[in-house]
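Protein chains in written order, with numbering that gives the first Met the number 0: chain A, 0 to 315; chain B, 0 to 315.
Heads up, some of the hints might be wrong.
For chains that are exact copies, the list does not tell them apart, and a pair is met inside one copy or across any two.
[Unchecked claim] Derived pair list, reagent style SDA-like, types lysine to any residue, alpha-carbon separation capped at 25 Å:
no., residue 1, residue 2
1, 11, 275
2, 255, 36
3, 255, 174
4, 255, 189
5, 255, 173
6, 255, 72
Treat the hints as calculated values from the structure; they're not laboratory data. Please read all numbers here as calculations on a predicted model, not as lab measurements.
Protein chains: 2
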Amino acid sequence: MAVLGIDIGGTKTIVAVADDGGRIIGQTRIDTPRDQGTAVVLTEIESALRRLMDETHTSQVQAIGIGCGGPLDRERGAILTAPNLPGWENLPLVDHFARAFGAPAYLDNDVTLAALGEACEGAGRGVDHFAYFNIGTGIGGGIIIDGRVYRGCGNAGEFGHQVILPDGPPCLCGRHGCLESLASGTSIARIARQLVILCPDSLILRLAGDGESISAAHVAQAAREDDPVAMNIMSETGTYLGLGVANVISVLNPRKVILGGGVITGAGDLLLDAIRETVRERAMPPLADDVEIVPAALGDQAGLIGAVYLAEMGNG
Amino acid sequence: MAVLGIDIGGTKTIVAVADDGGRIIGQTRIDTPRDQGTAVVLTEIESALRRLMDETHTSQVQAIGIGCGGPLDRERGAILTAPNLPGWENLPLVDHFARAFGAPAYLDNDVTLAALGEACEGAGRGVDHFAYFNIGTGIGGGIIIDGRVYRGCGNAGEFGHQVILPDGPPCLCGRHGCLESLASGTSIARIARQLVILCPDSLILRLAGDGESISAAHVAQAAREDDPVAMNIMSETGTYLGLGVANVISVLNPRKVILGGGVITGAGDLLLDAIRETVRERAMPPLADDVEIVPAALGDQAGLIGAVYLAEMGNG
């Protein structure tokens, strides 16, 4: 008996087969065929899993865990809308995979599952309560209390949509001044594209080739090579992230804050130091002293590992 | 057998005797002799309880629950510092009352206990998870999950010290731009004192007599009587409170937000409407739709009722 894990991202999807102890015995990564319609997406994920089952000599599936972005209806097992996956409205992921593999399937938010993955095998192991920030294209979060996911009414941990600057820039969510509008990978790239017009000598532009191609990764690389424009952007980003982290600390008083996602991986200590400094300055002393702010341990495997745990725990 | 409840405030202290079913059978209110040294405070609270025990024919005490403001060390049962009670450093409340009445005593934050009180007998009854805001002289909070207090490392729910305006006014906590610095009773009175200098015709000034005497209650009363300066202050206060509530909703996705404390009691719908409107505008739709924002039900009894429950539950 085996369990299947599926972590669906906007550009890549990772699928895995795990043994009944939850150990991943095979995994593969495919491009998410996001522009080819939802039927193609479901078929390609299913095919990738069947190939993987063949390779790992797996015939029977015990349960399936699925992670995906966007507001979900967990009870119906469907994506409601996925900002990064246009057209994926009301996609019944759970029904499809449950029927395809003849086993119960469970769906959860990909960042929530990354938090669960970090709780089970990563930087949150043995930590009774922590907050997990995923800082990538957008900013998501997850809350673990007593080793379990805290969901509130279903979508707790929307750390990216706390308001940090009441009169701040517009956010993709339709509001403005959200943390995501100020400090996500998308926001880092947007600010850099504006600044290189004024500072065309910036290393950022040389790394990216042209303004349109600038990504958060170029800004992080330029900052590591001491480019002043890039260092400025990263410092401001770190300050905003620090304010968001400080506010979550004021609410939850967690033992740890774990920071994951592409922007953190790319920028490393540059951002971590700025975040820690802002938290020291802006969070109340007993709460600021209680918390350890650490990078995530599992990289882009966290969501997949969380999906496997979700399958094992049956909606945990 | 009976349990004792003690709710120590900066100006008033309420004590109660409850039967072994948790029903309060007698209570009394004394001035907190905050300026006469801690020995006097402890003695007067003890005397009030002994008189109450006589009146209710109570001879044996099963447990004691104590609520007090300020960062606490719950394990040691002591107040660390209480901003509203100068000189109360390291006051061993638990030891004192446990010895005095020969029963185990338990200490918790007064706002946390008000949240527990609302959970057991007030607006949070039967609600699986909610956030409680206390908006008075300062702004505190409490979090209830599955009917129990969520404490994090001990001081979760510091809603008043989330940063709402990064460049905002100084806060008593030593930082700046905290919700408490923008929307507490203290802040309402401070803003009114400044504005009546520019607008000496404001009803606020007539109600208070002179600028120095202005309190949040005067501003609320003037706003109810359509004084434009007061209405402006209340509207801005409501917007800031709404931002704070929206941010807590983004983190916790609670079923309810319960609003208590003197400022809410005094201003009623004036503030509630502004808070609800801001939440609709600034919190993400699925989370904003999940939550009901309601006034607290127990008034200034919430903390006392929570203290009795704390005693019954033995540290809850």
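Quick rundown of the hints versus the structure:
no.	hint	result
1	11 - 275	neither (31 Å within a copy, 40 Å between copies)
2	255 - 36	neither (40 Å within a copy, 39 Å between copies)
3	255 - 174	between (29 Å within a copy, 22 Å between copies)
4	255 - 189	neither (30 Å within a copy, 37 Å between copies)
5	255 - 173	between (31 Å within a copy, 24 Å between copies)
6	255 - 72	between (29 Å within a copy, 20 Å between copies)
The structure fails hints 1, 2, 4 (numbered hints given earlier, in ascending order).
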